[in-house]
Amino acid sequence: MKKIAIYGKGGIGKSTTTSNLSAALSKKGYKVMQIGCDPKSDSTKELMRGVKVPTVLEQIKKHGKEVALKDIVFEGYNGVLCVEAGGPTPGIGCAGRGIITAFEKLQELGAYELFKPDIVFYDVLGDVVCGGFAMPIRGGYADHVLIVTSGEMMSMYAASNIVSAIQNFGKRGYAKYGGLILNSRDIENEYELVSKLAQETNGPIIGVVPRDGIIQKAELLDQTVVEAFSDSEMAHCYKQLAEKVLEVCPHV
Amino acid sequence: MSQLCVYLPPFSSDYSGVCSCLFDLNGMVIIHDASCCSRNYVSYDEPRWFGNKRPIFCSGLREIDAILGDDDKFINKVLAACESMKPEFIALLGSPVPMIIGTDLDGIAQEMEERTGLPVFGFNTTGFRYYNVGAAEAMLKLAAFYGQKSTQPIPSTINILGLTTLDFSDNSNAADIRNLFEENGFKVLGNYMVGCSLPDIQKSAQAEVNVVVTQSGMPLAAYMEKEWGIPYVAATPLGYSGSVTVLRTVKQVCADRKSQVIHAEGLHDGEVLILGEQLIANSLRNALANIYGVKGVTVGCLFGLDKALAQDFDIDIRDERQIRDLIASGHYRKLVADPLLEVLIKDRDIAFFSLPHVAVSSKLYWHRYRTFIGAEMETFIAQIAKTPEH
Numbered sequence: 000m001k002k003i004a005i006y007g008k009g010g011i012g013k014s015t016t017t018s019n020l021s022a023a024l025s026k027k028g029y030k031v032m033q034i035g036c037d038p039k040s041d042s043t044k045e046l047m048r049g050v051k052v053p054t055v056l057e058q059i060k061k062h063g064k065e066v067a068l069k070d071i072v073f074e075g076y077n078g079v080l081c082v083e084a085g086g087p088t089p090g091i092g093c094a095g096r097g098i099i100t101a102f103e104k105l106q107e108l109g110a111y112e113l114f115k116p117d118i119v120f121y122d123v124l125g126d127v128v129c130g131g132f133a134m135p136i137r138g139g140y141a142d143h144v145l146i147v148t149s150g151e152m153m154s155m156y157a158a159s160n161i162v163s164a165i166q167n168f169g170k171r172g173y174a175k176y177g178g179l180i181l182n183s184r185d186i187e188n189e190y191e192l193v194s195k196l197a198q199e200t201n202g203p204i205i206g207v208v209p210r211d212g213i214i215q216k217a218e219l220l221d222q223t224v225v226e227a228f229s230d231s232e233m234a235h236c237y238k239q240l241a242e243k244v245l246e247v248c249p250h251v
Numbered sequence: 000m001s002q003l004c005v006y007l008p009p010f011s012s013d014y015s016g017v018c019s020c021l022f023d024l025n026g027m028v029i030i031h032d033a034s035c036c037s038r039n040y041v042s043y044d045e046p047r048w049f050g051n052k053r054p055i056f057c058s059g060l061r062e063i064d065a066i067l068g069d070d071d072k073f074i075n076k077v078l079a080a081c082e083s084m085k086p087e088f089i090a091l092l093g094s095p096v097p098m099i100i101g102t103d104l105d106g107i108a109q110e111m112e113e114r115t116g117l118p119v120f121g122f123n124t125t126g127f128r129y130y131n132v133g134a135a136e137a138m139l140k141l142a143a144f145y146g147q148k149s150t151q152p153i154p155s156t157i158n159i160l161g162l163t164t165l166d167f168s169d170n171s172n173a174a175d176i177r178n179l180f181e182e183n184g185f186k187v188l189g190n191y192m193v194g195c196s197l198p199d200i201q202k203s204a205q206a207e208v209n210v211v212v213t214q215s216g217m218p219l220a221a222y223m224e225k226e227w228g229i230p231y232v233a234a235t236p237l238g239y240s241g242s243v244t245v246l247r248t249v250k251q252v253c254a255d256r257k258s259q260v261i262h263a264e265g266l267h268d269g270e271v272l273i274l275g276e277q278l279i280a281n282s283l284r285n286a287l288a289n290i291y292g293v294k295g296v297t298v299g300c301l302f303g304l305d306k307a308l309a310q311d312f313d314i315d316i317r318d319e320r321q322i323r324d325l326i327a328s329g330h331y332r333k334l335v336a337d338p339l340l341e342v343l344i345k346d347r348d349i350a351f352f353s354l355p356h357v358a359v360s361s362k363l364y365w366h367r368y369r370t371f372i373g374a375e376m377e378t379f380i381a382q383i384a385k386t387p388e389h
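From first to last, the protein sequence lines stand for chains H and E. Taken in order, the first sequence gives residues 0 to 251; the numbers are from numbering that gives the first Met the number 0. Taken in order, the second sequence gives residues 0 to 389; the numbers are from numbering that gives the first Met the number 0.
A portion of the hints provided could be inaccurate.
[Claimed, not checked] For lysine to aspartate or glutamate, the following EDC-like pairs were computed, each having C-alpha atoms within a straight-line distance of at most 20 Å:
#1 H:K64 <-> E:D305
#2 E:K140 <-> E:D315
#3 H:K61 <-> H:E103
#4 H:K216 <-> H:E191
#5 E:K385 <-> E:D348
#6 H:K104 <-> E:D70
#7 E:K385 <-> E:E375
#8 E:K85 <-> E:D69
#9 H:K170 <-> E:D71
#10 H:K175 <-> E:D105
#11 H:K64 <-> E:D318
#12 E:K362 <-> E:D348
#13 H:K64 <-> E:D315
#14 E:K225 <-> H:E112
#15 H:K170 <-> E:E113
#16 H:K195 <-> H:D211
#17 E:K76 <-> E:D105
#18 H:K61 <-> E:D305
#19 E:K140 <-> H:E103
#20 H:K170 <-> E:D318
#21 E:K148 <-> E:D199
#22 H:K216 <-> H:E103
#23 H:K64 <-> E:E319
#24 H:K175 <-> E:E113
Derived by calculation from the structure, the hints in this document are not laboratory data.
With the sequences and hints as input, model every part of the structure.
This is the structure we're talking about:
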């Protein structure tokens, strides 16, 4: 099982990228599980044809101790297993603690042993702002971390912070930094800027996702590009990226 | 509000279970808290604390440490203490605040292990689970780390699993249980966890059979069966005849290598309600059924229900209100429980039998604990059976 966490600044395109990777890998015959780790709980929307699945935290609140895997794991496009950790209403509660609780519940219920996914993606909210959002990096969860960034300064700043968090956990033998996915915003010298970041953070650019209106078109259909426009250049690009992800994230 | 306790105190929690298990070892135990949980343990949950000196520390967690998640400050404090204490291992325990902020105790333990060269165990205790969960984790981690399996078990050797002072207090109970087996031809290798040393834990992997005396020993029993092929007997020796039954079953399991949970035959939901630790309550029920034919006995598990130990009609107690409702239901005419629960009886016709439990009433009755092996318990069992119902 390859367990990969996808981090990056809020709004940079993590969920779109992750969902397309999940879809592309499922087409290659892999059993994929995608776990959204954002209180907005919209990571898997495009894999579920726009349906927002009940979150782990909602189901724990509803069912208490009786919550079961069928309440929190849902099959989406091409058999991709979709989970949303969920979180509190904005402005109250503790979102970081929510991620921890959701992860503990998945483990307690034996989700990984039962479904035996080949690949697990953790799609994680923005920055590593507290212990909860570092959970996917910690022992027993992701083995590799990939960061989605554009050449925009704030996005690269966030990426740099995430690498610091990974290095901070390095002494504990946790997840390894696998590199950057450049999600282009078509800004000037974007590749050079991100290359410099890659050099500074000692990680490769493992793929470039060009800016293309077809992504929005697919989103309007509540689908991934891989599903909605499977023969398009963008779908081909995501499939290539998926190959590259497998290559840079070896089995641990 | 249904979980509100009006009459009962909170029962001992997981960090106390871990501390209790580690008390007799030469380790350094640090509870990562603001001194409230550590105080709770030393003041209320540890009958051996008074008159003893043990390296159990509080990390002195403060608001700013919680906000900043300053792991390095915690690590450096522990390393400094370690220099002077020279422990054989270090145990790091969580409490509610580290749980809420997601302190990575396993990760800190791993980091500290590299820096000290000592075994360091991280326990993600939260204060929200019962003591038996913590005790189970402590026993399991120690056995998994120190246990050294040999190819063949040593004949007529046993381990006793789940023997904690939170269940048996600090009177002669632990020694009596050990002596019962020693005097009947068994050598006790690992006495988990009263009077147990690290070399004992190492040797415990070579035992022929495990005897589980409380439910906290069950996870370790399952682990040892799977990893080391040691079958178990799950029952607490009580009185004379209950002890004889356990001894006989241990001998049988030595021969047939098949684990057994001792249950009396023909049990049913009945007039006696025992509220307490599941395995001790089970064993009391067995004695009532086997000696006196009292088979209508229901066990209400105060610290979680293990299905492997339960009858279909046994009850997983969730809160004080459920206890009040059960007692008020009119279904039970006799109640066996810690003396603190007597106040929940409103019906004068229900007979109450006192069985103190440290994890329920702390120090209030720990010097009036019953002796589990021998005449006192035998008399107690007879008293429950023979007292007429009103």
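Exercise for review: Sort out whether E375 (chain E) lies within 20 Å of K385 (chain E), counting only the CA atoms.
Suggested key: holds (15 Å)
Review point. Taking only the CA atoms, is the gap from K61 (chain H) to D305 (chain E) under or equal to 20 Å?
Key: Cα-Cα ~24 Å, so violated.
Practice item. With a cut-off of 20 Å on the C-alpha distance, tell me whether K140 (chain E) and D315 (chain E) pass. Key: Violated: K140 (chain E) and D315 (chain E) sit about 27 Å apart, past 20 Å.
Review point. Between K195 (chain H) and D211 (chain H), does the CA-CA distance stay at or below 20 Å?
Key: With Cα atoms ~24 Å apart, K195 (chain H) and D211 (chain H) exceed 20 Å; violated.
Point to revise | Restraint status (C-alpha distance of K64 (chain H) to D315 (chain E) at most 20 Å) | key: holds (12 Å)
**Study point:** Restraint check for K64 (chain H) with D305 (chain E), where alpha carbons must lie at most 20 Å apart
**Key:** This hinted pair holds, its Cα atoms lying about 15 Å apart.
**Study point:** 20 Å Cα cutoff - pair K148 (chain E), D199 (chain E)
**Key:** Distance ~13 Å between K148 (chain E) and D199 (chain E) Cα, so the pair holds.
Exercise for review: Please work out if K170 (chain H) and D71 (chain E) have their alpha carbons no farther apart than 20 Å.
Suggested key: Measuring from Cα to Cα gives roughly 12 Å; hence the hint holds.
Check your understanding: Is K76 (chain E) close enough to D105 (chain E), meaning Cα to Cα at most 20 Å?
Key -> Roughly 17 Å separates the two Cα atoms, so the pair holds.
Review point. Within 20 Å, alpha carbon to alpha carbon, are K170 (chain H) and D318 (chain E)?
Key: Outside the cut-off at roughly 43 Å; violated.
**Study point:** Hint consistency between K385 (chain E) and D348 (chain E) [alpha-carbon to alpha-carbon, up to 20 Å]
**Key:** Holds - the C-alpha atoms of D348 (chain E) and K385 (chain E) are around 15 Å apart, at most 20 Å.
Check your understanding: CA of K362 (chain E) to CA of D348 (chain E), is that 20 Å or under?
Key -> Violated, at about 29 Å.
Consistency with the previously given hints fails for numbers 2, 4, 6, 8, 12, 16, 18, 20, 22, ordered from lowest to highest.
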